[in-house]
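Trainee: Residue-level listing of the chains:
There are 4 protein chains.
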Amino acid sequence: MMDDKPQHECGVFGIYAPDEDVARLTFFGLYSLQHRGQESAGIAVSNGRRINLHKEMGLVAQVFDENSLRPLQGHLAIGHTRYSTTGSSKLQNAQPFVVESALGPLAVGHNGNLTNAHDLRQELLNRGVGLTSSSDSEVITQMLAGGEGRTWDEKLRVFMVRAQGAYCLTVLTKDALFAVRDPWGLHPLCIGRVGETGWVVASESCALATIGAQFEREVAPGEIIAIGEDGPRTVARMPAPDRAMCLFEYIYFARPDSLVEGQTLHAARVAQGRELARESPADADIVIPVPDSAVPAAIGYAQASGIPYSEGLIKNRYIGRTFIQPDDRLRKVGIQLKFNPLADNLEGKRVVLIDDSIVRGNTSGPIVRLLRDAGAVEVHMRVSSPPIRHPCFLGVDMASYPELIAHRMSIPEIEDFLGVDSLAYLSLDGLVRATGHADAGFCQGCFTGRYPVDIHLVEKETFEN
Amino acid sequence: MMDDKPQHECGVFGIYAPDEDVARLTFFGLYSLQHRGQESAGIAVSNGRRINLHKEMGLVAQVFDENSLRPLQGHLAIGHTRYSTTGSSKLQNAQPFVVESALGPLAVGHNGNLTNAHDLRQELLNRGVGLTSSSDSEVITQMLAGGEGRTWDEKLRVFMVRAQGAYCLTVLTKDALFAVRDPWGLHPLCIGRVGETGWVVASESCALATIGAQFEREVAPGEIIAIGEDGPRTVARMPAPDRAMCLFEYIYFARPDSLVEGQTLHAARVAQGRELARESPADADIVIPVPDSAVPAAIGYAQASGIPYSEGLIKNRYIGRTFIQPDDRLRKVGIQLKFNPLADNLEGKRVVLIDDSIVRGNTSGPIVRLLRDAGAVEVHMRVSSPPIRHPCFLGVDMASYPELIAHRMSIPEIEDFLGVDSLAYLSLDGLVRATGHADAGFCQGCFTGRYPVDIHLVEKETFEN
Amino acid sequence: MMDDKPQHECGVFGIYAPDEDVARLTFFGLYSLQHRGQESAGIAVSNGRRINLHKEMGLVAQVFDENSLRPLQGHLAIGHTRYSTTGSSKLQNAQPFVVESALGPLAVGHNGNLTNAHDLRQELLNRGVGLTSSSDSEVITQMLAGGEGRTWDEKLRVFMVRAQGAYCLTVLTKDALFAVRDPWGLHPLCIGRVGETGWVVASESCALATIGAQFEREVAPGEIIAIGEDGPRTVARMPAPDRAMCLFEYIYFARPDSLVEGQTLHAARVAQGRELARESPADADIVIPVPDSAVPAAIGYAQASGIPYSEGLIKNRYIGRTFIQPDDRLRKVGIQLKFNPLADNLEGKRVVLIDDSIVRGNTSGPIVRLLRDAGAVEVHMRVSSPPIRHPCFLGVDMASYPELIAHRMSIPEIEDFLGVDSLAYLSLDGLVRATGHADAGFCQGCFTGRYPVDIHLVEKETFEN
Amino acid sequence: MMDDKPQHECGVFGIYAPDEDVARLTFFGLYSLQHRGQESAGIAVSNGRRINLHKEMGLVAQVFDENSLRPLQGHLAIGHTRYSTTGSSKLQNAQPFVVESALGPLAVGHNGNLTNAHDLRQELLNRGVGLTSSSDSEVITQMLAGGEGRTWDEKLRVFMVRAQGAYCLTVLTKDALFAVRDPWGLHPLCIGRVGETGWVVASESCALATIGAQFEREVAPGEIIAIGEDGPRTVARMPAPDRAMCLFEYIYFARPDSLVEGQTLHAARVAQGRELARESPADADIVIPVPDSAVPAAIGYAQASGIPYSEGLIKNRYIGRTFIQPDDRLRKVGIQLKFNPLADNLEGKRVVLIDDSIVRGNTSGPIVRLLRDAGAVEVHMRVSSPPIRHPCFLGVDMASYPELIAHRMSIPEIEDFLGVDSLAYLSLDGLVRATGHADAGFCQGCFTGRYPVDIHLVEKETFEN
Ligand SMILES: Nc1ncnc2c1ncn2[C@@H]1O[C@H](COP(=O)(O)OP(=O)(O)O)[C@@H](O)[C@H]1O
Ligand SMILES: Nc1ncnc2c1ncn2[C@@H]1O[C@H](COP(=O)(O)OP(=O)(O)O)[C@@H](O)[C@H]1O
Ligand SMILES: Nc1ncnc2c1ncn2[C@@H]1O[C@H](COP(=O)(O)OP(=O)(O)O)[C@@H](O)[C@H]1O
Ligand SMILES: Nc1ncnc2c1ncn2[C@@H]1O[C@H](COP(=O)(O)OP(=O)(O)O)[C@@H](O)[C@H]1O
Ligand code: SF4
Ligand code: SF4
Ligand code: SF4
Ligand code: SF4
Ligand SMILES: [Mg+2]
Ligand SMILES: [Mg+2]
Ligand SMILES: [Mg+2]
Ligand SMILES: [Mg+2]
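Residue numbers (this note's numbering), protein chains in the order written: chain A, 1 to 465; chain B, 1 to 465; chain C, 1 to 465; chain D, 1 to 465.
Just so you know, these hints were derived from the structure itself, not from any lab.
Treat the hints with care, since some could be wrong.
The list makes no distinction among identical chains, and a pair is therefore deemed to hold if it is satisfied within one copy or across any two copies.
Straight-line distance between alpha carbons at most 27 Å, and here's what the computed DSSO-like set of lysine-lysine pairs gives [said to hold, decoys possible]: (1) LYS315 / LYS332; (2) LYS338 / LYS315; (3) LYS5 / LYS332; (4) LYS90 / LYS5; (5) LYS315 / LYS5; (6) LYS332 / LYS174; (7) LYS174 / LYS5; (8) LYS338 / LYS5.
I would like the entire structure built from these sequences, with the hints used as guidance.
Mentor: Encoded structure:
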């Protein structure tokens, strides 16, 4: 299927709740974090003595049934849903990683990307640790298992001293759950209460809502929280550089109903649409989104511009992994396997087409043609993010330099390439303004090439491959 | 997962196209008809000599991979995707049904429900035909295989004389494809061209668009079309009683981008929303849909009322079959496994909540509570269909009398039961008006109890069970 | 894997036992009849009201687990394990066949081959019955479902009037189990008691022993036994032509511990070896079998000849279905994938090599070479059956005329072809003598071309294909 | 299913053969080593740059199909088939283990048991290596990955200095295959040539024969062989203590056609039977084995005693893993699910019953009763191994002290317990004599409690659990 979106890396979840069926709650938590990774899923549970694990390739609902859940008894657990950045989507890369260590069993779930993974990996190999996968999450696990420190608290702090880049971790030991967020706060992580005595952490607050937990607060950048018998305890707040939240969580990744900095991402995206309307108005009859992700921005654009919101494209809701290849005829049909136009709404209309982002630019052109074939007389494309001119090295699978259309072409060239009557992107300022927290720090690496973290190591590795 | 919707019965597809990989096109056709049935899928292909079949329980994309597609070589094919009305979702009920007959091999796919199936079934048993399933589609298959007539043309006409009720059929013989629609035209069926020489029939036009086929026209009520070497030929137009299209295809079933009577169902549903706004205005701040099916009606309501359209509920997009049961805690959480509210949009707002239908009424109450908990100060529910007071006996799994909330309660009682500030349904007249074809005949059985077909036989059977 | 043996067709099993878990006993019965068919297995159970079925491709132990057994509740059941003669090993040919009929539900399991299946099939098609498979067992099922007769007793008698050829049937209705054996008694079928009140029928007595049932007697040729609430009852003994038991059940098919006519087949095969030693002595140092099937005959040959019995070939015990194809190197290695020689025992020895039969002759040559390579100085092959010069049309997959080595070559030619120092087959007289029932009638079709049943119909069909 | 045998631990295989499809040959090699382990199977292949792996739970033929074999391209490979001693039969214990190390990729397959695994494991944990499984084979892998030494040669020598106990290893690096056998030579390992330029190593010579390779010699105790571009090279012969081959390989484990010390195990077992006859004659009519493993010993006993060899028990050949539990009735039937008696041969006979070993003694009693029920008038049991009075700590899953019948009871008590007329075991001297190499050293731990290796570490661990 044709696709032109950045790819999530992972969703993490953790729970400490003596009165609950923690594996079952983890399952439903992961279920609501499914959009953060569809390649593998896993749950590790501790009963205070040992850690049991089940993980497999596939969607959460495919990986678990009552049989695989049954052995996962205990009172604390972590879960993970993974999208692989590297293309090597194999079971041995699935998470959580579980190892036995000198301090007892250890399970780790990771969302993000270490920029110095290559160095750390080399260090482990030199220290004589054999590694079974290409995943930087195994590197983290072995660093924790074998790193300096007499306690988990110490080991986690040592880890944070050594690690560079993006990481939200849930760490399970025999009797405690840890939540760790990198000092930049690149990706979201929050904590809530479940029932009388239980605590839960998750990549996004939607996972809390889904299992009926109460959102408490975000885990602070650089914070390590330990949750044990006595409830949560802040182990450390590591010295934090400037805050740098991933702007793409605002634009596309996180679920619209998740909360970041006190507002839903839906509201943030509606605001992006409003900004976009202000910055780049269009003379048109209807505003339509590329469903589903661009719906809030389109609603915002419509509200601010006064042009009526409408639907112009229907997305096959069962789009998912199919093993059947399109043949030549179907490749020509192309985008229609995913979207069909609503001719009634388009016929004779001047259309503002809203999408949240353009990465390679391979689907926008066919969508525009689809709209024209269905009768649209003008198509004005408006994108609720700035042009993506640089890859992400911090946990998001964006694309490489030569693939990025905005790296290769100027805006007029892209306009031409897509066959639109006009094209405009949201400005970086406008985007930041729309977050409602213009003063908070944001990562803007993929837009400006200025990353909050030193990336020369990953870059090097990338160029070598 | 909680659900309160009528259930589709089936999607049918057929293709005659010597220059195409017909099984592959059928796969993608079924893929876009997935919403009409998620329990089993199957494809039967003829190469002019024999018919090969593959069918299994599961979604289209799970049932087929390149291995199962490979043996399906030929130039004509039919496909089927099934939702079981009877609860007996077993492989032996999966379609297409394929049998060897005196006239050679025969495959049948069926969408609908025969009201005299019980009688016809008994007749077959008495004639000495052993039946392997409880499906009325096997009854149809055996009636065709063994019914009177020296040719398929004759057999199909005899069948139509005998059958009562709803049926859209695709029938595959060694060298021809037949499309058959019941005389009332209860469910949709259309025909289109693919490539230079190919023809395709499908339950909905979205399947044509998906494979790049050109919509030609609807199959007429009572029409039998044969497609062979020389293209399509109308075998017969059986004497048709009054036309009676299923209104629920307009309200909920068919995909919004499918065409019926020359307009998309999206347009029809927007019109329903407009009618509803006219009939039952509300004093409110925002209009929100129960996603996804009520989106067009909500857009229509917003347009006609001038109240801004917004989103207030996010639906987990990966909701699908899970094998994990909620426990008590999760059952209490309930509706949140499926929907989460957008507090930002709801806080302090008077909300018009649009849904397309209420069947049992078990999900609307929890949704209303969710909105209130998220800060909505008033909830005015508007439903884009009339109250459902009767079951459907024509191929739609609605619910039985005692389950139907509008059969058990008056509108004020339902209002109370759901905890809404006000509740209004679209009138039957309004609904018919919104179709844009008020003069065409419609089935209104589930609303009025007056069915176009004699249903005393099914009723009897139903009461006996 | 290289193979040169006739192929079993099927094993049937039936049980009526109100105090037992009949599906579980059927499972273990089938488990011990696994040698009669390895392609699919199935169990149908009645609880007095309805029949539930589970069948799948694969070995008995693969087809059933506790989950698939659980729904199979009841007090009477039949089971089937199938080897397909036709090569079309598809699920739709798996047995038992279950249909609904005018007299209620019906399940049928069949071992054998009808010689007039083609005619009967045509008759059914003409009567208007659509057939879903190529199996003559479906023909039988539909003949019973729709044939003349007001009761099952009558229908079974009518069936026996119409059917020609080999058939052992277990038939399950709502409340009775029937066992039917063709008038020639071609294949074995026996009955026994289980527990206080239960009854069981099976292709071979080994299935009775396995579940702790007491062997009672063989079902007589032409007999129909009904087992219901009041225990077994002989419904009819159809007029029987000359008895004609399949000699190949004596030679190879049935398990050595099964009883036929009061003796084990092991004893019969030891006697065949003794006869063979008498008829065709050899001047040699050791007698070795081609394991496992020729072991008893080799023991008999050793006893009668006084030449020591030994083992000279080890057979990989895990030989079974593999999906991996040998490449060229392995094809050259060939027979060693299945057998390895015991050089210690062969070095410098003159060997009598015993096998039970030679069909195509493709494995005996490589075995002989293997023995010579391992040091055997002479190889005298002795076969405990006569030369197979004709195909079987009565339920055994032998091979077609041009494939049968003894049809194409004289004994000296075969001797030459196999590279043996001498070759002798057991005479037909010797074989019959070894059964210990020389006066009973035997089918000898594959040896003499004289079949007990008119086979011109099958022959015709065979030549046409 | 009832069972009373020691359990194999593992089979290892390795190949270096630029001209061959090494994964395919490894598959067939493992296929013939299936008897050494039925719980999981795996193949790792190197193409000179990277190592690819496929391993799964199940039999070799279930784990591999052409799809899983396809990615395993290369010119050197190792394979493994595993029986788990620990009961923890999980995928994470399946072999080969593959890790990335400072010297590049590494794959290890292991047969045996390290007696100081607990210490070595602790050392690794202390060194900061997280371990993912409970398997001592992972310990070996991490020791090699991270142990001292600048080359693989050195690392392997260091490993051998540190390791105590039984280990046959095949080790795969990017460009070399290593074969390693512990200094005592506890379990077998041999090397052969395949084709012009290829080399192969395997646990047993039967694997060489199966793929048409030429047996060259056994790997010497304490030897490390490296196979690379230039063929095999002896890296080291580690200082060897007294030789101590596992006597149970002679008695039961290894396939009868495998060669040890220049003779087949079949010959060794026939010799055991002869010794047994000499030591413990019996006045009887027939000698019968408990099939299949005791057949050679029974043949030997018959030859030496002059009492005719016969078969008295038939073993269901399809005995394998079933998921169906016997119920009470079937538990009573018990041993008959596995063996059926041949009454013809037993009726009125005085029987010598030969088995190779008695571990817990739970199946011999039921077998004796079976023989008596079938008419045997006397049963004289003769066992071709000495009484097992101690567990094995060297890679064989024997049973724990309290389970071992010969640990708990005297011979007369066992006689009584089994209900035999007489019982005799082969003497240790007789057993050693039968090997034909009385002067070679043998491990006799399970018979005498004197193990060649210090076992106090394992014992301690065992008692603690
Ligand atoms: N209800 C929802 N459930 C899950 N994901 C959602 C939902 N709403 C929005 N999203 C976000 O939208 C993304 C999917 O957007 P969509 O436009 O449908 O597909 P694409 O990834 O092709 O852009 C998801 O990755 C997710 O982050
Ligand atoms: N893009 C689409 N793809 C598939 N089905 C759609 C689509 N849009 C609307 N539908 C219709 O909406 C129905 C699903 O509606 P939704 O409200 O999401 O779930 P529910 O069945 O619980 O009401 C489908 O059955 C289908 O007929
Ligand atoms: N113990 C047994 N279990 C199952 N089948 C057996 C047994 N002993 C003999 N047989 C018979 O022997 C046949 C298998 O013989 P064998 O020589 O091993 O293989 P092949 O079919 O290649 O000749 C089976 O089909 C079966 O009828
Ligand atoms: N042909 C063979 N193929 C595989 N294993 C064999 C063979 N012959 C003997 N064996 C050995 O015999 C053992 C099986 O013996 P058997 O007596 O049938 O079962 P049990 O393990 O119950 O004693 C195998 O583990 C194997 O070592
Ligand atoms: S580079 Fe872009 S996608 Fe990556 S973390 Fe920064 S803002 Fe997010
Ligand atoms: S009764 Fe209702 S659901 Fe059924 S066909 Fe008529 S309108 Fe459609
Ligand atoms: S022809 Fe041969 S195999 Fe067939 S039934 Fe007769 S004896 Fe048996
Ligand atoms: S203790 Fe026994 S089984 Fe173990 S290695 Fe020694 S001889 Fe073999
Ligand atoms: Mg999108
Ligand atoms: Mg809906
Ligand atoms: Mg054989
Ligand atoms: Mg044994």
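Trainee: Which numbered hints are broken by the structure, listed smallest first?
Mentor: 6 and 7
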